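The task is simple: from the sequences and hints, build the whole structure.
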Amino acid sequence: MTTFSAAIVSPSAIIGTGRKSFYKRAKVTNKISGLNLFGSEKANKHVASLSLTMCSLKTPSLGAKSLSQPKAKKHFVLLHTGCHGAWCWYKIVELMKSSGHNVTALDLGASGTNSKQALEITTFSDYLSPLMKFMASLPAHEKIVLVGHSFAGLGISKAMENFPENISVAVFIAALMPGPTFNVTTVYTKDLKLATKLVRPLYLYPVENIYEEIVLSRKRYGSVKRVFIIVAESKALNKEFQHWMIENNPPDEVEEILGSDHMVMMSKPQQLFTTLLHIANSHA
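Going left to right, the sequence shown walks through residues 14 to 297 as the working numbering numbers them.
Possibly wrong hints are sitting among the right ones.
Cut-off 20 Å, straight-line C-alpha distance, at most; resulting in silico cross-link-like pairs (DMTMM-like, lysine to aspartate or glutamate) [as the list claims (entries may be wrong)]:
#1 Lys-248 x Asp-265
#2 Lys-238 x Glu-269
#3 Lys-232 x Asp-265
Beta-carbon label-pair distances, calculated as ranges [claimed, not checked]:
#4 Trp-257 x Ser-150: 33 to 39 Å
#5 Glu-221 x Lys-156: 32 to 38 Å
#6 Phe-195 x Glu-221: 14 to 20 Å
#7 Lys-129 x His-256: 34 to 40 Å
Simulated from the structure, these hints should not be mistaken for lab results.
Because the structure is a prediction, the values reported are computed rather than measured.
Beta carbons are placed, not taken as given, at the ideal position from N, Cα and C, and that holds for glycine.
Structure representation (structure tokens):
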């Protein structure tokens, strides 16, 4: 487990519109067309200078309100997909550090720098053990923004069921997203059929064990806000499959990041960071 914290700086502005977010950087031009409104070229230059000064004073405050001065410092907990580790979040971690938030990137069982070896992970519970121990260690009053990528959707779903009181919002990034009436057997079986067309799977624990571990209820899992981030160009979980999960288990909000492959935290880190910040400020 790796935990980070740092001071606030000023990122670029964010403008949210409904379910999608669009990002704009303020731009001030330093040219005024040759209109002689004040009787002389010298007077026009003074007016132009004053106008530019006023613009430069006003424009940054818009960005500061919407992004660089968040409602409150958040605690983001980032969960990697299978065969990866906390290391894959390093770009997001740096961006969150610079914006003044706390961030914890976890290594799951036999992943990243976790001390367990692959052959020691015999159950899905073993694999998720670092996440469950971390959640159990949180103070009763602390709420986190729990973020899972791809296969980690199963892990954050389990955490939502076990620790709903500690999660303000759960974010599924092109992730498996089961639910109380849309069980993991259905989701994982369809995902498995797609995957085995291209790869030969090697299981570190019985597939049936996953079905037994991920049992979700409306009362606990259903009490946590969910946001799904579609990664449009993902080949691992294609867009059609992501929409299929959303339709069968509708979240509270849907965002989309265009032009990214499946590893969005590496290929589009700035867009993902800004989207996560928008979600946290809206729901946490």
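Status of the hints after comparison with the structure:
no.: 1; hint: Lys-248 x Asp-265; result: violated (25 Å)
no.: 2; hint: Lys-238 x Glu-269; result: holds (17 Å)
no.: 3; hint: Lys-232 x Asp-265; result: holds (16 Å)
no.: 4; hint: Trp-257 x Ser-150: 33 to 39 Å; result: holds (35 Å)
no.: 5; hint: Glu-221 x Lys-156: 32 to 38 Å; result: holds (33 Å)
no.: 6; hint: Phe-195 x Glu-221: 14 to 20 Å; result: holds (19 Å)
no.: 7; hint: Lys-129 x His-256: 34 to 40 Å; result: holds (35 Å)
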